[in-house]
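Chemist: One-letter residues, chain by chain:
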Amino acid sequence: MNGCIVAFCCEHSAYPAADLAGKLRLHYPENLRVIRVPCAGQVDVIHILKAFENGAAAVLVLGCEDGACHHISGNTRAKERVKYCNMLLKEVGVDGRPVAMFNLSPNAPHKFVRAVNEITKIKKESGR
Amino acid sequence: MATPFREIIKTKDFVVTAEAAPGKGSNVSKAIEHIELLKDKVDGLNVTDNQSSVMRYPSLGVCLLVKEHGGEPILQVTCRDRNRLAIQADLLFAYSRGINNVLCLTGDSIDVGDHKEAKQVFDLDSVQLIHLVHTLNSGKDMAGNELDGGIDFCIGTTATPSADPLEPQLIKVEKKLRAGVSFVQTQAVYELDELKRFTEFVRTIDGGVKILAGIVPVVGSKMAAYMNDNVPGVFIPQYLIDELAQAPKGTGVAKGIEIAARMIRQIREEKVCDGVHIMFIGREERVPEILKTSGLL
Amino acid sequence: MIIAERKPMEEIRQMIAPYKKLLLAGCATCVAVCWAGGEKEVGILASQLRLDQSKGRKKISVLEATVERQCEKEMVEELRDKVQEVDAVLSLACGSGVQTMAEMFEDKPVFPAVNTTFIGMPEREGLWVEMCGACGDCFLDRTGGICPVVRCAKGLLNGPCGGTRKGGKCEIDPEKDCAWVLIYRRLEKQDRLDLMRQYYTPRNFRAVKRPGRIQAVKA
Amino acid sequence: METKIGIFLCNCGEAIRNIDFAATKEEVAQIPGVTCVNLSSNLCLKEGKEKMISCIKKENIDRVVVAACSPDFKEHFFRQVLESAGLNGHLFSMANIREQCSWAHEGDVTVKAVEVIKMAVNRARLLQPVKKKKFPVNREVLVFGGGFAAINAALQLSRVGLRTTLLEREAILGSETVELGSLCGFDISSMMSEVEGDENIEILTSAEVTAAAGKIGGFTVRIRKGGEEISHKYGAVVLATGYQTKLALEPELKSDINIVSQEKLCRMLEDPNLEIRPRTIGFMFDFSDENSRLSTLATLNNALAAKQKWDSEIYVFCKSVKVDGPGAEKLYREARDCGVVFLKCEARPRITADNGRVKIEAKDVFLGEDTILACDLLVAEELLLPSEGTEALSSLLNIRRDSRGFYQDENVHLYPVASEKKGIFFVGGCRGDLDLSRVLTDVSSVVVSVYELLSSGNILTEVEKVKADPQKCVACLTCIRVCPHDAIQLVRVDGGKEVAEVFDLACDACGVCAAICPAKAIKFRAYRDEEILAQIEAIGES
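Residue numbers (our numbering), protein chains in the order written: chain S, 380 to 507; chain D, 45 to 341; chain H, 13 to 231; chain F, 620 to 1161.
Hints are computed from structural coordinates only; laboratory data are not their basis.
Cut-off 30 Å, straight-line C-alpha distance, at most; resulting in silico cross-link-like pairs (DSS-like, lysine-lysine):
(1) H:K32 <-> H:K85
(2) S:K462 <-> F:K1091
(3) H:K19 <-> S:K458
(4) H:K181 <-> D:K163
(5) S:K462 <-> H:K71
(6) S:K402 <-> F:K693
(7) H:K70 <-> S:K503
(8) S:K402 <-> F:K644
(9) S:K462 <-> F:K1086
(10) S:K503 <-> H:K67
(11) D:K266 <-> H:K178
(12) H:K188 <-> D:K266
(13) S:K462 <-> H:K70
(14) F:K1091 <-> H:K94
(15) D:K266 <-> H:K181
(16) F:K1086 <-> S:K458
(17) H:K230 <-> F:K1116
(18) H:K71 <-> S:K469
(19) H:K32 <-> S:K469
(20) F:K750 <-> F:K676
(21) H:K67 <-> S:K500
(22) D:K160 <-> H:K188
(23) S:K503 <-> H:K71
(24) D:K160 <-> H:K178
Sequences and hints are given; from them, build the entire structure.
Modeler: Right under this line is the structure:
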């Protein structure tokens, strides 16, 4: 069990937001591992499940703001997929909504940090 | 002895029937009570067949009770629970015990009842069922075999005058009429104009068939709204809902009876159709009140 | 296309409870198209089973494989080596595929992971609707190409029941269209409503003698 | 064949201080497949670049990992370095140890840095080259519309050497633009004669499109004109179909002599024979919705003109005055200076007919008082709507519209004039409330984009970056239904089985199709399951 948080970050929004967080020295938990993707809609259910198989404590899917997805509906698909993943995980006794989706814009480093902190909190509360 | 329904619809100018709903369980005292109360006040007692797909004491059973107590039973037969063998057998049995009237209907979906996981049969549909009764009446079964002792049923069926869209329903009614029925009993109606349009349509196809308007008293504005949303083919106009809403607390049933009686009077005075079929399920004991208020008693 | 959907996890869990090593066998034909049993779905279910943390669940190992058509013995044969390695097979194919698998590997328990539900078509991406009931006595010539046998909740042949909801929806589900209203509209458009006015005799349930068996004309 | 991975560590001119580079170097050198690890402090400068190239060549490196700043910042640069070293630029993976590691945490982050590099190495091991290919494109452009935006777009496209067809539904060009010209001070007639004289521009009036197919570089469009239908190919399509206005009036009122539109007022002002001379004029805008930029400009222009010509008393009722266009602020000041009164109201004023005059009752926000004005003429509020036929055209071309029915921009901040379908662009009023200067900006950006796409007759693009494996594809059509860029189609392979095929030119490489494919037949290079899972597997190893 590695207990890391895996964040799939859309290269149009969350990834630059994370970079900006670093530039502004906004700190967040060190166990975050970012995987850069071209769109939140590219994140497959199996990618998320595999992260858990590998021992991840939680998974974040971070995409563009509603209505501002570079690929029109990638972010809304991602949101549906995150819901589906939580359902699949719940079916096998992995409770506490360990997958979360957040929408943010590339110039929202604080929102990025908030998303990381929020999932960390959820993770702690569910005792995982 | 009650007059056979077949005679009544030929001779009487305003026919009145009422619904008798069997209960759940073998205790039939309540059914007998209702039969005793109504048998002489109406021309026929129409017994439902696992109404709303809820398992109950059989229609056949209550029909026999009606007969025993001197009333005129109308046997409802739906296509939901029996295949063609079972239906034919039931009809032979019914006729052998003096039940001479049958109301042919499709039946509600099993989905709306209390045994949702059961297999719904629908081996036949209502038009085919009417044809089946005629086949039996002619002395043969559906497979073409001769019957030892035939039957002779007076056949009725149902229709929905407020369906939306109406045209497909009317085609279905037309097929039922062409199959040959003596009377048509409608789904609950609340708009006279709708009923008029419907009877006019029926008359263009069959001038002789008797049309009984379905009367279901609505005892409150909530029930009305519920029926509008949940009972297919029923449309209660807003002015009636308003009228019900204005009734003082505790007088809902009385108001419902008043509205129903008014409707019946209008139907009779304006000769909109040939009679009414009153369905006051769960409040059978108050049917005489409707009859009285509407001047039928 | 045969449409299927995955069984509830609890049911799957009970079936496979005694076994430690499983093969998840997908099928790349119908069930792949309807998102129930293709390679992707095999991967998801395998991952779920590996992750299973529910009470009393022991760790299991899961192999994954998807064949072109699981209802073909020759294609299932490809899996022989993998089946040899495991205690049981969990098939994501339709009922026909599961049985082919079971027949090919008689010494291994084979379990269905999906419920085969109907023959249908996609209405849009991810939504399938029933179109055909394989009744063996096609009626579509009389109904404007809309099947009342399966698309009417009661399978009526002579027009709608009295339960049609407002706007021509089905008695049992306001989301679904009344098949007979659809038929009416289609025939009206084609000026063929006389077809709807005709009387149709009861269905011939012997059209397919169960169990069905068809021998094509020998060439 | 075993891959040879070269890792280049960079401390970004010592901007990364909390990573022990010596230890990191030692650690990552142990990763299987890693041939060499280089440490630098200026990888993105000339000498760093040269060192990288020579190392790649010397060590025969076939996969490169750079651990330094964010790929957002330098990925493109390093890919070019690879290309100059003779490697395909896609055999490259970056570990962001600066922004998302060193700078994001306090204290020593060597452990995390090593893991982030391992993720990148794991991914690099699996990367495959992405080839580029030239696709021939049709160099003609089809412009829909015949107004200011369309004519300007056609003229400019022609000027950069692209043959352009102007397709107008009406019988003449610019029929609705004449008033606009007099209002905004440009001469439509000279533009029209220029367009008509341009040999590079074909004008089709009274024409409409009946069918459209194809993708960027080769849209096939069926055009009906005068009972005849022709089919023609275009490399790009520009929509400049404009907008229409509708008076936003209470149902009991209708436009008559007292209540007029801006356009009607314009005509009245120009009419030398007009006998009436309204003494009091009311204007209204910005109540029904916020898209009032154009009605604001019309009001300011018309109010000034009415003041000059008739010397009327003028009252303007509005929620707010939008003066964000060039010159608009100046116009607003001029209007106020010459006595036009502006009243700011939150609620829509009540309008009633009053004995041949119009009564306006409003509550002024600043005065806080109810104001009643009886005026001779009310210039009513106008709603901006997409022009007629917008809906039909958008469904013909399969592009989306926004909630108001205007063409939806792919992403208003990044690509204001591009549609979600490559090769289809919007300019001007058909995409919303734009003043003339903005329309001209639209035209320029579209012309630049179209020029880039079509000028050489070829488009160089990456091929098979996203590819459906015809062997695995079960032709479920899911990808075709979900592709946001309409870039996938069903084709027959060798005239036989039907499978999905990604059209490289139209594909925008989002990967939505790959993530949804139920047969796992679509592979997105660099983001395949293998590459994602390899990164995941490296997590938590340290």
